[in-house]
Amino acid sequence: MTEISIQRKWCKSCGICVEFCPKKVFTVGELNEPIISTPDACTGCRLCELRCPEFAVIITEVEERSHE
Amino acid sequence: MAKIIPQATILEKYFVTSTLPTQWCPGCGAGGIGHAVLQAIERMQLDPKKVVLVSGIGCNGHFTRHLRLDDLHVLHGRAPAVATGLKMARPDLEIIVIQGDGDAASIGGNHLIHAARRNIGITTIVSNNYIYGRTGGQYSPTTPKKSISTSSPFGLEDPPFELCNLMVGAGATFVARGTSYHIIQLIDLVERAIKHPGFAFLEVIAPCPTSYGRKNPETGITGPQMLQWQKENSVSIKKAAHMSEESLRGKIVTGILLDRIEPEYSAAYAKVRQRAQKGGLA
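Residue numbers (our numbering), protein chains in the order written: chain X, 745 to 812; chain E, 737 to 1018.
This is chain E alone, in the form it adopts within the complex (with noise of 0.2 angstroms):
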């Protein structure tokens, strides 16, 4: 196993903490995104100035405001987008986009796909808390049918989007799942998500309390609770192999669902520009 960095290390070298406390509620599933994502940065050795963190509107995107790092804070959905635009200008960067599942999956859906159809190579965190919890908990894309949310409040009946499935049919070339519960995968999950050269998506099942959890007691009511719910729900990819579709309905498939190489997209196109410098057509 690989080494857990200490968490006064962490704090010294990536914080400003006269930011914090956080403004999440208790038992939030965005800091341990936070962890998973600092700790993987300080394990690769990476160059603090070489990463960006580009943040979706939501409970997640204030992550970035807390660090050190440089980060953009985006219009609502629009990060992928900005992010790749921002790989295209400087692709000796590492970018690491974090969006809720509203933000990705609703708002910035098309962004999304185009740039996993488009295999540009950035990171996209997903946290998937089933529920839009900044604006006061309306039902998302990925909340499960007969959800209880303030815009839902007799029952859900829309199919939620399988965000993984998702991007693997848009052409995401790294497509993974983790759990706040199962932190260190998390922290590997992350590692090999932002070694991966091309478009790495790695959704991330988080809990919010209190938003989804106070009316929705059958996960789990408090953090703690959640918690307990993902670790008796989640299955690794490699066990899931061997279960048949029955026993698989309303669990948590984690590990990497994806990956394969494929040409990166800024690389791709900086041949096209010099060919263009050339000049001529052809």
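Isolated chain X (complex conformation) (with noise of 0.2 angstroms):
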């Protein structure tokens, strides 16, 4: 499972994270801003990471919690 962050201050909103997500976990808000829409479908690829010309986009891998 992983934790998706988007650090607001940094964020310029220019769509690359939104538009390359293979999982389409963003959706853009109304500023234009991404939105973390469907964060159960991240697999931690990355990719929005790594793309992110603000490094503003931060993934951490969390450990599942069990289900009672």
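None of these hints come from the bench; they were simulated from the model. The beta-carbon is built from N, C-alpha and C at its ideal position, and this holds for glycine as well. Do not rely on the hints blindly, as some may be mistaken.
[Stated by the list, open to error] Among chain X residues calculated to face chain E with C-beta under 10 angstroms, some are: (1) L794; (2) R795; (3) E805; (4) V806.
With the hints as a guide, bring the two chains together.
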């Protein structure tokens, strides 16, 4: 499982993460900003991290929570 | 596939995060080159104290100001010359030059070809976005024919430089081309270029939406559109070998175009110095 965070102070809403995410995790918000819409679909390929020109996307691997 | 290092690790180890955000326009290609350089440095486990970035003037040069690595921000176009001097004085350092196309091919064109001719052991990464971005969008020596720019408002008639071919002709021993879109390949290319013992040249096709894209919509207007254009117009060197010259027109051939081993200049010159210190001319 992964956790996605976007540094809003660094992001310039260029749309590269939205356009090239293989799983379409992001959608465009009202101000063109990327919204993390379907975080569960993220496979942790890190392409958004690498393509983000502003170093603003951070993906962290987290332990999967066990369902009781 | 080699492992991708998490961005959090890169940020913590290499960035002075208080200097962010960057001063680039939305969708700029300079950040992608930054990612590739840092991923390669981290993957190769280079000692950060032994890495020096030499940056030229222009948008790309401003990448180094965000980092904890040593850097030299030098006169316009003079980055390969300063890097040559640094390599001669400190051959133990890993020197990476980051320049734009205007800086490298026009203003510093002579320094670039002579660094290549000497086969000095530096890595030069040139971000080719087809335009002088920072100075207001004038055409550069790599701007394609018919392009509209602020200094060619009715279309450009100058044929562009083929930078990689120029470097092969000038005597570089490692020549490669990548794009911002193919970021995984770009990391590999940067790694190979750094590992190369002689002069390594890497051209990166990068988008400049603000100064080039807006005026030349056929290659895309926004950052994502320009990356999409790169994706659709790139051909790997392996595939290009089976393609006709006609079908390759306007395509970006990516991959390692040349890789050969020749004596490295600073090592060869050290021997000259030894001979001189022994005294006598013979």
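Hints versus structure:
no.: 1; hint: L794; verdict: 5 angstroms, holds
no.: 2; hint: R795; verdict: 6 angstroms, holds
no.: 3; hint: E805; verdict: 8 angstroms, holds
no.: 4; hint: V806; verdict: 12 angstroms, violated
Hint compliance for this structure: hint 4 alone is broken.
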